[in-house]
Amino acid sequence: MNPAHPRTLPAELTIYTVAELHPQWQRWLADTGDNATATPQADDRCTLDAADVEQADAAGVQLLLSLSAALEAQGRGLHLHAPSAALLAACEALGLADWAARLQATEETA
Amino acid sequence: MKQPATDNDFINETLPIFISEAQEQIESFEQLLLQLEDAPQDRELLDALFRCAHTVKGSAGIFGLEAVVAFTHHVETLLDRLREGQVALTPELSTLLLQGNDEIRNLVNAAKDPGQDEDAVVAWNRDALVTRLQAASGSRPASAAAKADTPADTAEAASPTQRWQLNVRFGADTFRNGMDPGAILGYLRGLGTVSELQCASAAVPPLDRIDPESCHLHFTFALDTAASQGEIEAAFTFVRDDCELQITPPTRALDKQGAQRAAPATSKPAAADDNRYIRVHADRLDAVINLLGELVIAGAGAALMARQTKQRGLIEANLQMARLIEEIRNGTLQLRMVPIGETFSRFRRVVRDTASELGKDVALDITGGETEMDKSVVERIADPLMHLVRNALDHGLEPPAERIAAGKPAQGRLTLSARHESGVIAIHIEDDGRGIHRQKVLQRAWDRGLVERGVVPPDKDILNLIFEAGFSTAEKVTNLSGRGVGMDVVRRNIQALRGSVTLHSVEGQGSRIEIRLPLTLAIIDGFLIGVGNSRFIFPLDAVVEVIESRANTAAGEPDARGRSVVELRGQMLPVVNLRTLYALESAEPERHSVVVLQAGGCRFGVRVDQLLGQHQTVIKPLGHLFGSLRGMSGSSILGNGEVALIFDVNALGQLAADAPGRVAAATVPAVPAVTPVATKNQNHAVTAEGSRS
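Residue numbers (my numbering), protein chains in the order written: chain Z, 13 to 122; chain B, 26 to 718.
These are computed hints drawn from the structure, not numbers from a lab. Predicted, not measured: the structure shown is a model, and the values here were computed from it. All the pointers check out, no bait thrown in.
Quick partial rundown of chain B residues pointing at chain Z, CB under 8 Å, derived from the structure: (1) F200; (2) D205; (3) G207; (4) G211; (5) S226; (6) P230; (7) P231; (8) L232; (9) D233; (10) P237; (11) H241; (12) L242; (13) F244.
The beta-carbon is built from N, C-alpha and C at its ideal position, and this holds for glycine as well.
Whenever a hint applies, use it, and build me the whole structure from the sequences.
In structure tokens:
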């Protein structure tokens, strides 16, 4: 998968959708894992485009936390591209505003 | 938590669930309050009581039931004052809370019919109740109803803001229960200021191990608020059972009560796993039990055919199947069992209110509440029991002055007990009151023409006169009892359950009512016997032993009704000859046996031809045609398709014990010839071919 075309988070990132998203993300993780080792110059962070997220709740944010933990374990990081206001609000409500800010930061400031 | 716009269909489907759960909360409320009267400082009871009201209010809010929410809010406010120690639990306050709970019950029931207009008197009564609740809480009467989720509006001066430390680990099922930790934190923000909020993100499992629908979130934070600990805890009401919550009160005000409160807040709710229940529709359970009955019969048929093949392997396999079927049978019947204690507990309120109304002091003892009975039996015995309890309170127990004059303690004692006894449930209602005044009863019976004037029946029969229709010796007809419509209806209802009721009493000392009910209405262990070509079944629990008699060993000639006496280990045992009793035509065999049965405290024997062993008996009701048949309580289908009649052991015992001439011939109808009808799922046993008299 080409980091130039990052994965996009869906409009709804809630308890209603996490069961569906989980296997999709697991596959994506496996795919990008293979590609990352193949291309030496590949960005060592995986990017998620979060502009479309309209609804997010604790279950959705928890899944993001889980994804982030999995990527860290692989020696890579999660990058949130253009997180929407709704996603940021949900993170803040759960005391994860700093975490979200870190994930949002671009390569230069990481 | 933001709810999506509610759908009418959603409401229609789930409203009954709300109603049923709210009713449980309301019942629980009453029980807890009555317990609280004996232990007014018990913090756990106070919290549990508050939660009942809070849960009803919250759920009602989801359904938009404004009236319920508004009224319950006042009760909740008063409960909050109570648990904060700001008001004391006096008998008057307790009564007020009970009345408040009754009103909540009325409102919830009214919610079943949303279109119905309300009676003006009812509304006025409710407003009066609200005023009293507010007065007791010490708040100024508010003109508008309070909103559902604001903290209690109070007339007290605002308490100073304090800093609380909170540490909460939400349980795994939080999401599945429809809760969102974000929303709970949002609610807390409404109470004050949240700071230093940290989420233990490291506790969240990585993607390959996580169950996305389980909650793994753990937060610590500080809360600056003027709210009380109770109000803070209230934010977690709906996740209470599933999360670990630690609230550390502000350091400077760590008084003894605060420390006590911290303790229950930190304990993980115990037994959360033991109380896993599933809601099952009663009809589905009945359908399963029906099928199980058919399975038992089919199994018996298969076993019979297997025996005929004389193939060892097949016979063994069938035995194994029979064992398994019996285990399933026991397990399934267990599903329908509920402890009778729930019904008994309801009487606490009745006793409390009635006793105080009558100016009597009564202590209620309940034992054997854990005794389990079939659900439908419990439901149908509740009303008769209620009537008997009221009777005891009204007529049995004397007012304190009279008791003291009689040398008794001023407080009367009423005991409700239940226990298993050889295949039946025995329920006793016992009081230490006046007892039954034989002379009065007799006089009334003479007056009413129930007994020929001047005739004095034996004591047992005098007492039973009370169960006759239209009888009442009460000098005053109270609105509780005494109108004479009670006792006969009670007895009839109990008999409709195939039970029996007897009265024992000692004048001046008290009375005891004994009710016996069958354990289950569906399947029992039976003992199959044969007389000639007919087959009968005794409930195995009633069978004490079997005596193999040699021909003509009976001591004493049988009388015209086939009754005789046999000596058994030095004691006389009355014996009934079924052949004679039911005029069964067949030759008397050389050998016979006597099955010794136990019923209601007396033993008697029944003379039979063949002993056919144990038999899992699926009870099929007798058809309407046999409604007046005494002595039989049902029928059952044997493995070979034949029908066996099941004896009502009590009735048979009465026949054995009764003096000749008392029982009219009409009450012992001959057993009609029965023909098995070869249909599969028959509900009625047979059609009669003809009866012999």
